[in-house]
Amino acid sequence: MAGSPDEELPQPRGAEPSEVLRVASELADTGARVVLATVLARRGSTPSTPGQKLVLADEGTCVGTIGGGAIEREALLAMRELLIKADAPPSKIQTWKLGPELGMCCGGGVDVLFEVLATATSAMVVGAGHIGAIVAPTLSRCGFAVTLVDEREGVVDESASEPKLQRVSGDYAQVGHAMRRSGAVLAMTHDHQLDQQVIEWALREGFAFVGGVGSRAKHARTVARLEAKGFSEGDVGRVRMPLGVDIGARSPHEIAVSIVAEMIAWRRR
Numbered sequence: 193m194a195g196s197p198d199e200e201l202p203q204p205r206g207a208e209p210s211e212v213l214r215v216a217s218e219l220a221d222t223g224a225r226v227v228l229a230t231v232l233a234r235r236g237s238t239p240s241t242p243g244q245k246l247v248l249a250d251e252g253t254c255v256g257t258i259g260g261g262a263i264e265r266e267a268l269l270a271m272r273e274l275l276i277k278a279d280a281p282p283s284k285i286q287t288w289k290l291g292p293e294l295g296m297c298c299g300g301g302v303d304v305l306f307e308v309l310a311t312a313t314s315a316m317v318v319g320a321g322h323i324g325a326i327v328a329p330t331l332s333r334c335g336f337a338v339t340l341v342d343e344r345e346g347v348v349d350e351s352a353s354e355p356k357l358q359r360v361s362g363d364y365a366q367v368g369h370a371m372r373r374s375g376a377v378l379a380m381t382h383d384h385q386l387d388q389q390v391i392e393w394a395l396r397e398g399f400a401f402v403g404g405v406g407s408r409a410k411h412a413r414t415v416a417r418l419e420a421k422g423f424s425e426g427d428v429g430r431v432r433m434p435l436g437v438d439i440g441a442r443s444p445h446e447i448a449v450s451i452v453a454e455m456i457a458w459r460r461r
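The opening position of the sequence shown corresponds to residue 193 in this note's numbering, with each subsequent residue numbered one higher.
Read the hints as simulated data drawn from the structure, not as lab findings. Be aware that a few hints might be false.
List of simulated lysine-lysine pairs, DSBU-like, C-alpha gap at most 30 Å [what the hints assert, rightly or not]:
id, residue 1, residue 2
1, Lys356, Lys289
2, Lys277, Lys289
3, Lys410, Lys421
4, Lys356, Lys277
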């Protein structure tokens, strides 16, 4: 059944298939959830041509074309559903007959392949201090899509460019609003109270991994405060603190290595 004509969908920016592939790859590298549509075959009279491509990302980017009109609208509806569904298949083929079903008079048919592109695991490092400033780029070099955020003015160099690493000066909650909840939040700020706030926020938001730097004594205080505020036993038990594999780390670089090792183990679980 064709989608409702009143349903608002993004307007794709026209592009050749090669550019669509490039955009899709770049989006996936940033950690965005991406669906790529490719026309596989056509039968009879259709506006679609085999090889045409269209990409849609969860952050709103939409580039390419598979012929326009009702067929493209149906494709975008299917792509949006794949973006939303947590258990979406990695790929599927959809066949449409371009007749009364879509309100088109072409009378042909088209096969479209939809692929949900693999995305990097996202991680937000809150605090660009002596440990966070090392953890963030190391995580990105290990394949995570990392956002390093610090609210202190002048601490984060937003102009610095590195693949899969975004540096932001601002409020962690505002920055984290757009992050996938399947990712991680790591609290390593300059202030224990702020670390507590970050952890509470991350638990309420439902992030898959929540952790913080600090001693076992700090962990005990964090747990006590969470319990006093009514957090469930399950949520309290999800807080990983002190972060890092126990390798006897002492220096900031050693601690960063231990934290990244724990993150890799979690990602590979």
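Does the alpha-carbon distance linking lysine 277 and lysine 289 stay inside the 30 Å limit?
-> Distance of about 25 Å is within 30 Å: holds.
Given pair status - lysine 421, lysine 410, alpha carbons within 30 Å | 17 Å, holds
Satisfaction of hint between lysine 277 and lysine 356, Cα-Cα up to 30 Å | 24 Å, holds
Holds or violated: lysine 356 to lysine 289, with C-alpha atoms at most 30 Å apart = Outside the cut-off at roughly 41 Å; violated.
Hint compliance for this structure: hint 1 is the single one not met.
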